[in-house]
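Novice: Just so we're aligned, residue 1 is where the sequence shown starts under the working numbering, counting upward by one.
Treat the hints with caution; some may be incorrect.
No more than 20 Å apart at the CA atoms, straight line, and that leaves these computed lysine to aspartate or glutamate pairs for EDC-like [as the list claims (entries may be wrong)]: (1) K191 / E166; (2) K159 / E177; (3) K191 / D218; (4) K38 / E63; (5) K151 / E225; (6) K178 / E83; (7) K341 / E326; (8) K133 / D353; (9) K274 / E344; (10) K124 / E166; (11) K328 / D218; (12) K239 / E275; (13) K286 / D206; (14) K360 / E326; (15) K175 / E131; (16) K106 / E74.
Now the in silico label distances, taken between C-beta atoms and shown as ranges [said to hold, decoys possible]: (17) E344 / K124: 39 to 45 Å; (18) E434 / D295: 55 to 61 Å; (19) Q107 / N352: 31 to 37 Å; (20) K246 / G294: 41 to 47 Å.
Calculated from the structure, these hints are not laboratory results. The structure displayed is predicted, hence computed values, not measured ones. Ideal Cβ placement from N, Cα and C applies to all residues, glycine included.
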Amino acid sequence: MQKKTKKFFKDNLDLAGALDGSRAYKGPNIVQIDLTDKCNLNCVGCWCHSDFLGESKLIECKELPYKLVKKLIEDLHKIGVKEIMLSGSGEPFMYPKIMEVITSIKQKGIKLNIVTNFTLVNKKIIEKLVELKVDNITASIWAGDAKTYVKTHPNQNEKTFERIRENLKFLHSLKKEKNLPHVKIYNVISKFNYGKIENMINFALDTLVDYIEFQVIDAVQGKTEFLMLSESKKLNLFKQFRLLLKRDNCYAYDVDSFLINKKFLDGKLNKEIKEFPGRFIKIPLKFILKVSEGDKDGKKCIMRVLTCPLNKTTWPPKEDNPKIREDKNLYIFRFNPPHCKLCESFDTCPVNDKGEIGIKYLSILGFGSFYRRISNESLREAYDSNIIDSIPCYVGWIYARILTNGDVIPCCKAHLFPLGNLYKNSFKSIWFSEKYNEFR
1 MQKKTKKFFK DNLDLAGALD GSRAYKGPNI VQIDLTDKCN LNCVGCWCHS
51 DFLGESKLIE CKELPYKLVK KLIEDLHKIG VKEIMLSGSG EPFMYPKIME
101 VITSIKQKGI KLNIVTNFTL VNKKIIEKLV ELKVDNITAS IWAGDAKTYV
151 KTHPNQNEKT FERIRENLKF LHSLKKEKNL PHVKIYNVIS KFNYGKIENM
201 INFALDTLVD YIEFQVIDAV QGKTEFLMLS ESKKLNLFKQ FRLLLKRDNC
251 YAYDVDSFLI NKKFLDGKLN KEIKEFPGRF IKIPLKFILK VSEGDKDGKK
301 CIMRVLTCPL NKTTWPPKED NPKIREDKNL YIFRFNPPHC KLCESFDTCP
351 VNDKGEIGIK YLSILGFGSF YRRISNESLR EAYDSNIIDS IPCYVGWIYA
401 RILTNGDVIP CCKAHLFPLG NLYKNSFKSI WFSEKYNEFR
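Construct all of the structure, not just a fragment, from the sequences and the given hints.
Specialist: Have a look at this one:
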């Protein structure tokens, strides 16, 4: 038992540090690096570049020197950082040596998430991102149609949106066996786009991304508060999401989601959920998918039966048909191979020689926090204060953010409370410093 305990703590040094309560035993799991403050867009709700900020708009844009960034990546690798996020107040692809930074991170075997507006990537860059096996791309778009895109990005035109669409499709076409990078569309919801949720879902399905996430706008006091959602607009959002659950291509993904689905439709959902209780599936033309609650070996399960245009069904209809590839957001249905090969339509059918057909699904992630933020608390503009005030915070052991001026801060909005600066000390010495321990 003692050996198992020692091994557990050795494998979970971040948890060991949190339990200690006063110091860290290893580097953070995730480090966010703000490479540059420069951005080519003026998203209406941006805290730095929105035109609605007036004199508060960020004018003096800084960026981290490449030499410093390269050394930082080396240091992060040595102290066991698992993931780097390239994000911040600027657009990562405006950084002059962005591809060198990405290459350096992936050569160290560190997981990489790039948060981008996806307007500056081209086919050559996309090919390199796939080649380097970038893990995750979060595309911040805020729209599902060209007109709404222009409304939320005033310095762009409809052609920009269509270029994003084509580049997302191109990215999907290049994905190999590892299915990297995983792509998520991120939509910040304000009074400019709140009525277009279904368009956003359709755009995500059309571009074959893996996930979509929604979050309400975090307004700047005295500047962008007019973009916040009124009570009637939030009620309209509830209505839109309930209608999504009734779509022909939206299906419950497990037994629990069946129950949550019903509670959500009845307006009685009172538990935090990670994922929206329905996944959206792009069914091939003339195929029909039926999903129901079933029973296997005395246990409740989800039964999924796919029927082809010639009325043949997946075989055998049991719980593990389809096979679910969570790593690829894919349902793999199996028909009876001998029957398929004898079919007159086999040569033009999307079913392969093994009788298999893969159908991609789209998940809405982070739905619990979004749902909470458009509920009663957020109507009073309290947002997540009840949650924040009721649970302990372990960010001091798992995360750090580095700003363009070299400041190291302990959480995403702690820019007024830096715990060190990379121009004066290494990240390692800052992370394990007494000042950081005092914060913890």
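Novice: Determine for every hint whether it applies to the structure shown.
Specialist: Against the structure, the hints:
1. K191 / E166: Roughly 27 Å separates the two Cα atoms, so the pair is violated.
2. K159 / E177: Distance of about 32 Å is beyond 20 Å: violated.
3. K191 / D218: holds (12 Å)
4. K38 / E63: holds (8 Å)
5. K151 / E225: Between K151 and E225 the Cα gap is close to 17 Å, so the pair holds against 20 Å.
6. K178 / E83: holds (18 Å)
7. K341 / E326: violated (28 Å)
8. K133 / D353: violated (29 Å)
9. K274 / E344: violated (44 Å)
10. K124 / E166: Given pair K124, E166 holds - Cα atoms ~14 Å apart, limit 20 Å.
11. K328 / D218: Judged against 20 Å, a Cα distance of about 32 Å means the pair is violated.
12. K239 / E275: Roughly 18 Å separates the two Cα atoms, so the pair holds.
13. K286 / D206: holds (18 Å)
14. K360 / E326: Holds: K360 and E326 sit about 10 Å apart, inside 20 Å.
15. K175 / E131: holds (9 Å)
16. K106 / E74: With Cα atoms ~12 Å apart, K106 and E74 stay inside 20 Å; holds.
17. E344 / K124: 39 to 45 Å: Given range 39 to 45 Å: holds, Cβ gap about 43 Å.
18. E434 / D295: 55 to 61 Å: Between E434 and D295, where Cβ atoms are some 60 Å apart, the hint holds.
19. Q107 / N352: 31 to 37 Å: holds (36 Å)
20. K246 / G294: 41 to 47 Å: violated (21 Å)
Of the numbered hints listed earlier, those contradicted by the structure are 1, 2, 7, 8, 9, 11, 20.
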